[in-house]
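Asker: As a plain string of letters, each chain reads:
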Amino acid sequence: MKDPDRTIENLLAGLRDAEPPPGMHHRILDAMLAGRATAYYSRPRLQPAIAISLACALAITIWVQHHRHIPANLRSYTTNVDAPRTKPPQTAADRTPREARTTTSRALLKPTHASEVSYAEESAGFPAPALPLTEQEKLLLRLAHRNDAQDMNLLNRNVQAQQSAKATQQFQQFFGMDTNEMRSESE
Amino acid sequence: MASTEGCSLALSFIEDAPSAVDLPALVDTYSTLLFRIANSVLRSRTEAEDVVQDVFIRVLEHRLSLATVRDMRVWLIRIAWNLALDRKRRKRPDQLDEMFAESLASATMPADTAMEEAQRFRSVLREIERLPKAERHVLLLSAIEELGTAEIAAVLRRSESAVRALLSRARARLRERLEDRPRLKEGGKAR
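Those protein sequence lines, which keep their order, are chains A and B.
For reference, each letter of the first sequence is one residue, going 1 to 187 in my numbering.
For reference, each letter of the second sequence is one residue, going 1001 to 1191 in my numbering.
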């Protein structure tokens, strides 16, 4: 190339003197204005979203805490039931839903007659199962509670005494006849 | 003009109170310089304008921390420089030169010699692309008349003496290669 210095200088001069396209200032200011407006309008939209998320998180925390709480008398029940076992006692919240459900139905099938457990608490099946009962579990529950009133009567000493007296009386009525009466009756 | 003033007024009105920097004034002062810097790297006027816009949008985003910027001019130049280099990486080199050389030649030369000059410009641009990166960067920044050696050194994070040495080497290498170019072409034809 002839005279490369001159060509280099011309090229660099062209770069140096390049003029921006007309209206560039205006377009830049417009873009900044739009960017500023976007930032302004996007900011308040975030605040309610954050507030709603926090409220939801708070509500869930309160709900979980409330349902995790077990009354003191039932806590002793849980401890008594689990005492002979080697496993550490578990709360309903610690169990998986399936585990909680099977444990509950097992408790309903084989009620423990601990002295401090009232019948009402036992029949209520507390703590509540984590999932709705299956059809089989409902059937077992119905079978287990079918003669509850009679079974409870059997445990009552007064009723037992009355029944025993009644049976004795019937026995006496039947076997208490004297020998002559039996003989005449047979003749 | 009136609409530009209105826009500037609106922009200054909605700025936050803690931002002490006058953004419309910044645009007025630096947009041409930043455009030239981006244009020298990208060789495209539209892309250079996009880069300038990006620079000022970034300034707007960081307007609250602008007070901590020591040298606003160097800071803006560095942002524009880095954004332009970043854009250039996404382009194919052969996309750069054709139109740009023609537009430069037609802007500086009469029409009868513009074609020939455009051809020469293309050769120079191609050789600039082949220079080592540091030399190429110094050469391109030195083309912008408003930039002194100290500012180029600050933008490229090098010492002033290193900038001077790189610039001298870049020019010498470029001249040498351009002088050798016809001989290489003739040698290639002979073969």
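Misleading hints may appear alongside valid ones.
Claimed, not checked - Restricting the straight-line Cα-Cα distance to at most 25 Å, the calculated cross-link-like pairs of lysine to aspartate or glutamate (DMTMM-like) are:
#1 B/Lys1133 x B/Glu1146
#2 B/Lys1088 x B/Asp1112
#3 A/Lys2 x B/Glu1135
#4 B/Lys1133 x A/Asp5
#5 B/Lys1088 x A/Glu19
#6 A/Lys2 x B/Glu1116
#7 A/Lys2 x B/Glu1047
#8 A/Lys2 x B/Asp1086
#9 B/Lys1088 x A/Glu9
#10 B/Lys1088 x B/Glu1145
#11 A/Lys2 x B/Glu1098
#12 A/Lys2 x B/Glu1061
#13 B/Lys1088 x B/Glu1061
#14 B/Lys1088 x B/Glu1047
#15 B/Lys1088 x A/Asp3
#16 B/Lys1133 x B/Glu1179
#17 B/Lys1133 x B/Glu1061
#18 B/Lys1091 x B/Glu1047
#19 B/Lys1091 x B/Asp1050
#20 B/Lys1088 x B/Glu1135
#21 B/Lys1091 x A/Asp5
#22 B/Lys1133 x A/Asp17
#23 A/Lys2 x B/Glu1102
#24 B/Lys1088 x B/Glu1098
Claimed, not checked - Covered stretches of chain A (in silico footprint by chain B; criterion: 3 or more residues with CB under 8 Å from a CB of chain B, positions within the stretch not fixed):
#25 20 to 29
#26 48 to 62
The hints are simulated quantities; they were obtained by calculation from the structure and are not laboratory data.
Where is the CB? At the ideal position from N, CA and C, for every residue including glycine.
Asker: Each hint: holds or not?
Answerer: We went through each hint and held it up to the structure:
no. : hint                  : result
1   : B/Lys1133 x B/Glu1146 : 22 Å, holds
2   : B/Lys1088 x B/Asp1112 : 32 Å, violated
3   : A/Lys2 x B/Glu1135    : 23 Å, holds
4   : B/Lys1133 x A/Asp5    : 21 Å, holds
5   : B/Lys1088 x A/Glu19   : 20 Å, holds
6   : A/Lys2 x B/Glu1116    : 12 Å, holds
7   : A/Lys2 x B/Glu1047    : 32 Å, violated
8   : A/Lys2 x B/Asp1086    : 35 Å, violated
9   : B/Lys1088 x A/Glu9    : 23 Å, holds
10  : B/Lys1088 x B/Glu1145 : 22 Å, holds
11  : A/Lys2 x B/Glu1098    : 21 Å, holds
12  : A/Lys2 x B/Glu1061    : 50 Å, violated
13  : B/Lys1088 x B/Glu1061 : 24 Å, holds
14  : B/Lys1088 x B/Glu1047 : 10 Å, holds
15  : B/Lys1088 x A/Asp3    : 30 Å, violated
16  : B/Lys1133 x B/Glu1179 : 21 Å, holds
17  : B/Lys1133 x B/Glu1061 : 31 Å, violated
18  : B/Lys1091 x B/Glu1047 : 11 Å, holds
19  : B/Lys1091 x B/Asp1050 : 15 Å, holds
20  : B/Lys1088 x B/Glu1135 : 17 Å, holds
21  : B/Lys1091 x A/Asp5    : 28 Å, violated
22  : B/Lys1133 x A/Asp17   : 23 Å, holds
23  : A/Lys2 x B/Glu1102    : 19 Å, holds
24  : B/Lys1088 x B/Glu1098 : 16 Å, holds
25  : 20 to 29              : holds (count 8)
26  : 48 to 62              : violated (count 0)
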